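Letter by letter, the chains look like this.
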Amino acid sequence: MTATPSIAREGRGGFGALLDRFPFLPAIVILIVLLVLNGLFEPNSLSFRSLTGLVRTYMALMLLAVAQTYVVYAADIDLSVGAIASLVNVTIIVLMQHLGGGGLSVVAALGVGVLVGLACGLVNGFVVAALRLQAIVATFATSIFFTGLALTILPVAGMPAPTAFWRTYGGSFFGIPFVFYCVAVLAVLLYLLARSRLATQLLAVGDGQQAAFQSGLPVTAIRIGGYALCGVFAALAAFCITGDTASGDPLVGAKMTLFSVAAVVLGGSALSGGFGTVVGSVIAALIIGLINALVFFAGTPSHWQNFVQGLAILAALMVGILVSRRGRA
Amino acid sequence: MSQALSFLRNPLVVALALIVALLVLGNALSPGFASGQQILRLLIVAALLGIVAAGQNLVILGGREGIDLSVGGVVSLSAIVAGNAMNGLDAGIPAAILACVATGAFFGLLNGLGVTLLRIPPLVMTLGMLGVLQGLLVVIRQGVPSGRAAPALSEFVTRPFLLGLPGIIWLWIAIGLLMAFILNRTVLGHRIYAIGSNEHAAFMAGVPVRRMRVLLFVLSGVFSAIAGFCLLGYSGSSFANVGEQYMLASIIAVVLGGTPLSGGKGGYTGTMAGAVLLVILQSILTTINIEESGRQMVFGATLLLLMLFYGRGRGLRA
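If you read the protein sequences in the order shown, they are chains Z and F. Going by UniProt numbering, the residue at position 31 of the first sequence is 31; the numbering climbs one at a time, nothing skipped. Going by UniProt numbering, the residue at position 91 of the second sequence is 91; the numbering climbs one at a time, nothing skipped.
It should be emphasised that the hints constitute simulated quantities derived from the structure, not laboratory data. Please note that the accuracy of each hint is not assured.
Simulated coverage check for chain F against chain Z, where a stretch passes if three residues somewhere in it have a Cβ under 8 Å from a Cβ of chain Z [what the hints assert, rightly or not]:
hint: 1; stretch: 131 to 139
hint: 2; stretch: 246 to 256
hint: 3; stretch: 288 to 300
Stretch by stretch, here's where chain F covers chain Z in the computed footprint (C-beta under 8 Å, at least three residues) [unchecked claim]:
hint: 4; stretch: 96 to 109
hint: 5; stretch: 131 to 143
hint: 6; stretch: 151 to 160
hint: 7; stretch: 261 to 272
hint: 8; stretch: 313 to 320
Since this is a predicted model, take the numbers as computed values, not measurements. For each residue, glycine too, the CB sits at the ideal point set by N, CA and C.
Hey, can you work out the whole structure from these sequences and the hints?
What follows is the structure in structure tokens.
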């Protein structure tokens with residue numbers, strides 16, 4: 001499932017070659033260490049029930065990290081993913097409320113939600129790739145705009161989701177929790193996307209825009225495509241947020257944007273573009289979740305928790321980057 | 001013809017023209033907006049942002065994707081440190097200044113070492129540091145009174161000091177002159193531009209690239225700490241996360257001032273104008289009578305529009 005350009009990296013054996021093929025190896029090691037530590041501090045945390053809860057809570061961050069990865073492939077960045085997720089969250093909540101909250105209304109609302117995410121992605125792609133504004137500041141400006149839209153649709157947090165909606169997200173079918181079906185669908189989707197032309201083209205653009213252009217790639221269209229894909233995945237993340245919190249909140253995604261960037265880096269993708277995997281980002285989102293759980297289970301006093309989490313995430317970022325550098329440099 | 005109009009492409013000229021236009025617009029929307037008192041109040045707010053942006057500007061000028069996302073955390077932290085160090089007493093001010101500068105320099109040093117020794121991309125390093133700082137704020141706030149500003153500090157920030165301008169504006173002007181002098185007239189300044197436009201060439205020419213980059217991050221921490229110190233005087237007491245708003249605002253002020261995020265060119269004079277521009281824009285939006293949601297949408301759209309005037313990337317050519 002890795003979409004790593006493997007040419008030009010030949011002739012090196014051992015660890016380096018392994019890292020080239022699987023840039024998310026350091027992340028997997030960190031993940032396993034964290035799982036073991038969690039188990040040591042609180043054996044119950046490795047129960048099926050707890051792990052299901054973990055995935056249910058961090059599914060949204062996994063999807064946002066995936067969203068971010070596709071723009072980072074092309075050496076761009078999207079600081080509006082959290083705002084897009086908030087906007088989609090309030091859009092589907094209000095729609096479901098207006099349409100009565102039945103099964104059909106849920107499907108209709110989700111359809112509209114994906115379209116809203118897509119539209120936001122296209123706007124980002126337009127300002128960054130077509131108007132050639134600097135990605136960091138331009139997507140920050142669009143995030144303010146999207147937040148304003150979300151506040152127009154639902155000025156204050158609190159409108160509830162229909163019972164059927166969050167019951168489904170939190171429920172089980174044939175003994176398997178619903179979120180694991182989501183994970184399975186996500187895995188298939190990511191596999192198909194990794195083999196898609198767009199993913200390869202995004203990596204090519206990230207590797208060198210000028211070179212990609214000169215070999216005939218429609219660079220602007222490809223970058224817009226990356227942002228569009230990002231918007232759609234941010235919408236999917238919003239569905240999970242809505243299922244998890246069961247309510248609408250126009251600011252719910254704001255804090256997740258920077259975590260999505262951290263997850264991409266932790267997952268082994270290069271912010272400079274042209275190299276990376278979505279699998280790594282998904283694992284890294286889980287790492288962030290496990291760090292938060294571990295800090296809790298280790299009995300850290302409540303007001304120290306944020307600080308320890310911050311230190312642990314910084315340490316994980318350093319380890320991840322140092323290990324992958326040693327392998328690839 | 002194009003020669004004669006080329007000054008229109010100067011970011012500083014663009015920013016100043018936009019500032020005048022916004023002041024006229026603001027005065028039309030709400031008479032009295034461009035009065036002396038109001039402008040003075042705006043300048044104080046702009047000075048706080050501008051001081052943070054000075055450090056941000058240096059880090060960005062240094063290139064190699066230089067950016068400092070931790071400035072907001074340092075601003076908040078140093079406001080709290082200052083508040084606790086002086087606790088409402090003028091006698092505590094010197095100690096508070098020392099404590100703030102040390103705090104800022106310490107976190108800047110950590111950022112710089114992470115970026116140079118461990119070669120972590122600045123965006124990631126400072127993002128991680130922001131998380132640590134935010135956690136630290138929660139720890140410090142717990143149970144401890146956040147501290148109050150000394151009367152002399154409040155006076156320095158809000159009361160006229162010389163020629164009708166408060167001390168903080170004079171401080172900002174001094175920082176502006178100092179930055180212009182360093183960037184244009186000293187070896188240090190030339191080295192900053194050198195590592196920003198071509199790090200390898202600068203290294204070959206004997207510039208101590210690593211030490212320079214660490215220095216830039218330390219300076220960014222110190223400028224943020226000074227801003228946090230002054231912010232305490234502006235707000236009277238330090239509350240949590242006062243600095244959060246400065247993270248992206250400082251980057252936007254730099255960009256609106258004509259320094260591209262790729263580094264190597266630009267300067268601080270433009271950034272000062274960018275900070276004023278941003279503050280006036282926000283102020284106009286608060287005076288017009290619309291819902292918060294509409295205000296945000298107008299703000300976001302206006303920022304995009306403003307960015308169109310500046311440093312758009314070069315088009316691809318075959």
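Open item on the list: Flag every earlier hint the structure violates by its number, smallest first.
Closed with: 4
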